[in-house]
Amino acid sequence: QQQVKQSPQSLIVQKGGISIINCAYENTAFDYFPWYQQFPGKGPALLIAIRPDVSEKKEGRFTISFNKSAKQFSLHIMDSQPGDSATYFCGGKGGSEKLVFGKGTKLTVNP
Amino acid sequence: NAGVTQTPKFQVLKTGQSMTLQCAQDMNHNSMYWYRQDPGMGLRLIYYSASEGTTDKGEVPNGYNVSRLNKREFSLRLESAAPSQTSVYFCASRTRTSGVRDTQYFGPGTRLTVL
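Going down the list, the protein sequences come from chains D and Z. Residue numbers for the first sequence follow this note's numbering, beginning at 4 and rising by one. Residue numbers for the second sequence follow this note's numbering, beginning at 6 and rising by one.
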């Protein structure tokens, strides 16, 4: 059972554009929603995260928008740069130790 | 601090061979995890250990065993490797924090090919 559905699988954006990646979750017990960034040949690293008591979290050019009623959240990358080219994973976690990941989005930012 | 280290970085096995993937962390974290990453499948949890002396199955445990040797080390063993276990394996560790910095720290991965 896939508890976190992520779309699109791949995304191509021009430099300076806005990248948007969407996730939907099923488990209403989830109370922590991170985004991880992974560069080729490296392990994933935490980029930004949100808890459902707020509807938006911004860190620099990266923003999470969270819609609790729709059970959806999204990552927005403003002024996308070629250095942002990576694979992005959303995740969901409740009170357990386990973090469930989406299947990933490969982002390519063209110069 | 080295963070999370994994050995080996690359490995090629023949079907039926066994091997152990090693993972160590120097951040004094309680929880450790093993994931596999396959194209289009994301990161899938194999096993995890919430504390020294405990281990639990994740989403895809079949064909694997783990040992939490001490607080620092968490190993993953393939007893009889199969081609379906060709993948990139990541180890991660996590300290129990609240707020939005509940972070898993990943190692660099082990790229395993089973022929």
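Treat each hint with caution, since some may be false.
List of simulated lysine to aspartate or glutamate pairs, DMTMM-like, C-alpha gap at most 25 Å [claimed, not checked]:
1) D:K60 / Z:D107
2) Z:K62 / D:E100
3) D:K71 / Z:D107
4) Z:K14 / D:D82
5) D:K74 / Z:E64
6) D:K109 / Z:E78
7) D:K109 / Z:E64
8) Z:K62 / D:D82
9) D:K101 / Z:E57
10) D:K8 / Z:D107
11) D:K74 / Z:E57
12) D:K101 / Z:D61
13) D:K101 / Z:D107
14) D:K61 / Z:E78
15) Z:K76 / D:E29
16) D:K71 / Z:E78
17) D:K109 / Z:D107
18) D:K45 / Z:D107
19) Z:K19 / Z:D43
20) D:K45 / D:D82
21) D:K60 / Z:E57
22) D:K109 / Z:D43
23) Z:K76 / Z:D61
It is worth saying that the hints were derived from the structure and are not from the lab.
Non-conforming hints, listed in increasing numerical order: Violated hints (numbers, rising): 4, 6, 8, 11, 14, 15, 16, 21; every other hint is consistent with the structure.
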